[in-house]
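Note that the protein sequences, when read in sequence, are chains A and B.
The first sequence begins at 1 in this note's numbering and counts up one residue at a time.
The second sequence begins at 495 in this note's numbering and counts up one residue at a time.
These are computed hints drawn from the structure, not numbers from a lab.
Misleading hints may appear alongside valid ones.
Facing chain B, a subset of chain A residues (Cβ under 10 Å, in silico) [to be verified]: (1) 70; (2) 75; (3) 150; (4) 380.
Please read all numbers here as calculations on a predicted model, not as lab measurements.
Note that CB positions come from ideal geometry on N, CA and C, so glycine has one too.
Number of protein chains: 2
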Amino acid sequence: MKNKNIVPKESNFSAWYSSIINEAKLALYTSVKGSIIFLPNAWLIWQLIKKKIDDEFKKIGVKNVQLPTFINANDFMKEVKHIGGFAPETFTVSTCLPNPSKLLSNNDSQITSEFIASKQNTSFHDSIIIRPTSEVIFCDCFKKILNSYNDLPILYNQWCNVFRNEKNTRPFLRTNEFYWQELHTIHQTEQEAITQAIKTIKIYKKILKNELCMPFIYGEKTINERFAGAIKTFTLESLMPDGQALQCCTSHYLGQNFAKAYDIKYQNQNNQFDYVYQTSAGLSTRIIGGLIMTHSDNNGLVLPLNLAPIQIAIIPLEKNNLQINNCVKNILKSIKNKYRVEIDDSDKGLGYKINNYQVQGTVFIILIGKNEIQKNVLTIIQRNQHEKIEINPNNLKHFLKENGKNYQKQLYEKAKCFFESSIVKVNNFDEFKQAINQHKFVEAKFKQSTKNEEEIKKLTGATARCIKHKAKKNDKCFFSNEQATDIVYFARSY
Amino acid sequence: MKNKNIVPKESNFSAWYSSIINEAKLALYTSVKGSIIFLPNAWLIWQLIKKKIDDEFKKIGVKNVQLPTFINANDFMKEVKHIGGFAPETFTVSTCLPNPSKLLSNNDSQITSEFIASKQNTSFHDSIIIRPTSEVIFCDCFKKILNSYNDLPILYNQWCNVFRNEKNTRPFLRTNEFYWQELHTIHQTEQEAITQAIKTIKIYKKILKNELCMPFIYGEKTINERFAGAIKTFTLESLMPDGQALQCCTSHYLGQNFAKAYDIKYQNQNNQFDYVYQTSAGLSTRIIGGLIMTHSDNNGLVLPLNLAPIQIAIIPLEKNNLQINNCVKNILKSIKNKYRVEIDDSDKGLGYKINNYQVQGTVFIILIGKNEIQKNVLTIIQRNQHEKIEINPNNLKHFLKENGKNYQKQLYEKAKCFFESSIVKVNNFDEFKQAINQHKFVEAKFKQSTKNEEEIKKLTGATARCIKHKAKKNDKCFFSNEQATDIVYFARSY
């Protein structure tokens with residue numbers, strides 16, 4: 001029962017990824033380059049991930065807000081590193097459409113000249129930025145609502161769309177518009193803010209492992225790879241089956257950089273004014289890309305049970321059979337409150353139906369025919385197993401619970417096994433190049449240097465993914481041969 | 495216990511509205527004109543409304559999708575009435591920021607000249623529209639996924655932000671960016687599509703009455719007031735305490751207008767190609783403005799229990815009293831799974847605390863002091879009542895359930911009473927003018943005429959809100975004195 005519309009993973013990984021997205025009805029392109037439509041399956045996966053993160057955030061007192069998409073260009077200019085980091089990929093808004101009467105005249109050259117004329121009147125400093133991230137508006141918000149130390153800490157989060165003008169786009173992984181949560185917090189002390197940044201990354205760790213079943217390496221970014229404006233950036237890095245790393249999420253300690261640029265002050269216990277210490281953190285819809293690549297196979301999507309849009313499908317093997325219909329009804333009734341279940345009693349062939357559910361990542365397909373009724377069993381096809389299983393209908397709930405748990409574990413263990421087998425330690429640049437060309441996740445002693453990181457990227461395509469820990473005294477940098485500062489992971493990345 | 499920061503409703507309605515938004519911590523302005531920050535209270539209200547609508551939509555088989563914000567200008571041009579209706583208030587995206595090295599030079603004139611130069615290269619037809627509504631992309635999506643009649647109907651909804659360049663903005667009621675759901679459906683027949691448009695408005699009716707406790711009048715829009723590109727627009731119109739109508743939501747039957755412009759065809763039962771019949775419908779965050787105005791008073795927000803961010807507050811009247819603390823703990827434990835509850839045991843004064851909760855629309859404030867412990871009672875202040883009530887702690891759950899239900903009813907009845915008393919029937923233009931000047935919701939026999947509607951608006955500021963029903967044979971138009979076509983409601987509006 002091979003799915004012929006899916007390009008084999010082994011023959012062309014990138015074409016495999018695209019065919020999964022098509023066949024599993026996840027996304028469509030539009031005529032704006034780099035924009036995608038999230039079809040119901042993909043949007044539901046995101047909503048399910050969102051709910052898990054939101055629940056964890058609520059437990060630590062985070063409140064959701066919603067900030068405007070448009071940012072004043074003058075405001076955006078205040079934190080120099082921040083604007084420097086984002087300027088090349090930021091969209092601006094300038095003007096309304098030409099006069100509608102002109103538009104309706106359908107005279108193209110007239111419309112265009114009116115359009116250009118309307119744009120010439122805007123200077124950059126009167127202009128509006130479309131948010132690539134929302135630090136600037138959160139700062140404005142904090143400045144306005146913060147009075148005294150009694151108000152601190154403030155933990156605000158928003159779920160929103162952000163916009164970046166990307167040259168090379170791929171559905172979920174890199175698009176002009178994507179969805180994320182951005183958590184922004186302000187605190188009285190440096191220590192409290194750093195603690196929050198780490199607490200946030202711990203929440204991401206829990207979600208990634210337990211819900212997405214994705215293994216990862218946790219570490220701090222090198223100076224060169226830090227978020228624009230941050231003092232520390234913590235990251236979770238995963239590895240895709242093609243040997244490219246994926247940055248899953250990041251949590252930043254911003255220090256007082258933004259607080260000073262945007263004047264976020266409060267009255268402390270001694271009636272003096274202090275600047276706050278700040279953090280921000282985000283996880284985006286690019287994780288859907290990671291989720292697809294980590295688990296899926298040549299029959300389509302493989303998803304953790306928690307995140308499968310249709311968790312269970314029921315297929316009656318015959319039409320107009322009262323006993324079969326009653327059995328289907330009873331099964332549906334007993335599980336529909338706990339699982340997302342769909343019945344397919346259409347005229348399509350059984351092979352088509354099974355393929356159709358497997359490609360969408362459905363974990364359990366329950367077959368009910370004459371034979372099943374006679375033997376008082378249900379035939380079950382589990383997404384990651386070749387053999388069909390027969391179970392007693394009375395055991396169904398227990399079966400789903402236990403096998404569901406195991407299924408999640410199996411997914412995680414399989415991915416973890418691959419990740420661990422891909423980590424290679426190297427001692428010099430020759431070994432490094434060889435390992436990178438073999439699509440490995442490379443561990444190396446390194447002396448942090450922006451210049452050398454850029455040189456390494458130019459020569460091999462690999463970037464520093466994160467720092468494992470500090471180097472020992474006699475560790476030599478694999479690249480410069482100088483005293484190493486850190487043990488760093490390198491890989492090519494999405 | 496009057497709240498001095500709230501401008502009295504009677505003295506200046508508009509200033510009252512603004513002061514409620516400030517004091518109840520609902521929204522902040524930013525430096526981009528017409529943009530607002532939704533603070534946690536306002537965003538939670540929207541999330542609660544969203545959940546109710548989403549649950550109803552799910553029951554009828556609606557699936558959520560997410561479409562891009564950017565629309566290709568060429569695509570936008572295809573439905574002539576649609577573009578004509580939206581062009582004046584649509585933003586466009588043109589270009590990235592100037593080169594970051596120039597930005598960092600901080601040389602303003604250089605930045606500005608580079609910025610203008612980069613804009614001159616874009617012609618309108620290469621340009622990108624920021625969605626004012628998403629018909630165009632939904633059409634693109636439907637065209638791509640629709641094959642045969644087996645696929646129909648398709649009911650897709652999205653929760654998103656949309657953008658319109660408004661001259662006069664007010665928080666929630668009219669902003670450059672707002673949030674809404676937009677439901678888009680396609681069908682095989684005209685009848686099925688019209689039925690869907692009416693089914694959608696029925697869901698809105700249920701939510702408005704039961705959840706928002708807002709009374710409304712249901713009707714169809716006049717030709718002049720229809721959605722750009724629609725054949726029929728159904729609307730729910732409410733009336734604010736200042737006598738201005740508020741369009742709460744709309745549901746449109748679009749016929750085949752968009753299907754033909756965007757080529758949305760399917761293979762029918764006879765293997766021939768047919769265009770679909772389409773609907774769209776939306777309810778936006780402007781309803782939060784309506785909710786605030788409908789119920790609130792000079793002490794702040796009044797909200798239906800279902801939608802209050804903090805439904806119940808518990809205030810211990812003494813600190814470090816073991817009996818009081820235990821009682822507070824037990825009460826919290828017994829109700830926190832069912833209600834959003836907050837405890838205020840800070841050092842602030844009792845008056846301040848009560849004001850603070852009342853201004854945020856908290857429905858029940860529970861006071862627990864020595865006196866309460868001694869008498870084994872709880873003192874309760876209900877948001878819409880002057881007298882405090884004493885109840886037995888064992889009756890609390892029952893009390894909250896019953897009084898909660900009644901509270902919702904009281905809010906609805908009070909608002910309905912006002913609305914009904916504001917409806918005035920008129921027979922001629924003099925009566926019409928007088929009624930409009932008295933801020934009434936005016937019912938009049940009218941002969942539909944775009945020219946006359948525009949004339950009436952110019953002379954009185956009033957617009958046709960909706961059609962009540964068809965006119966009788968001898969009914970004369972109050973304005974033109976010709977044979978009337980319809981009985982129409984008029985009012986000034988938000």
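Verification of the supplied hints:
With a cut of 10 Å, the hint placing residue 70 of chain A at the interface with chain B holds, because the nearest CB-to-CB distance is about 5 Å. Of the supplied interface hints, the one on residue 75 of chain A holds, with its beta-carbon coming within about 6 Å of a beta-carbon of chain B, less than 10 Å. The beta carbon of residue 150 of chain A comes within 8 Å of a beta carbon in chain B, closer than 10 Å, and the hint placing it at the interface holds. Of the supplied interface hints, the one on residue 380 of chain A is violated, with its beta-carbon coming no nearer than about 26 Å to a beta-carbon of chain B, more than 10 Å.
The structure fails to meet hint 4 from the earlier list, while all remaining hints are met.
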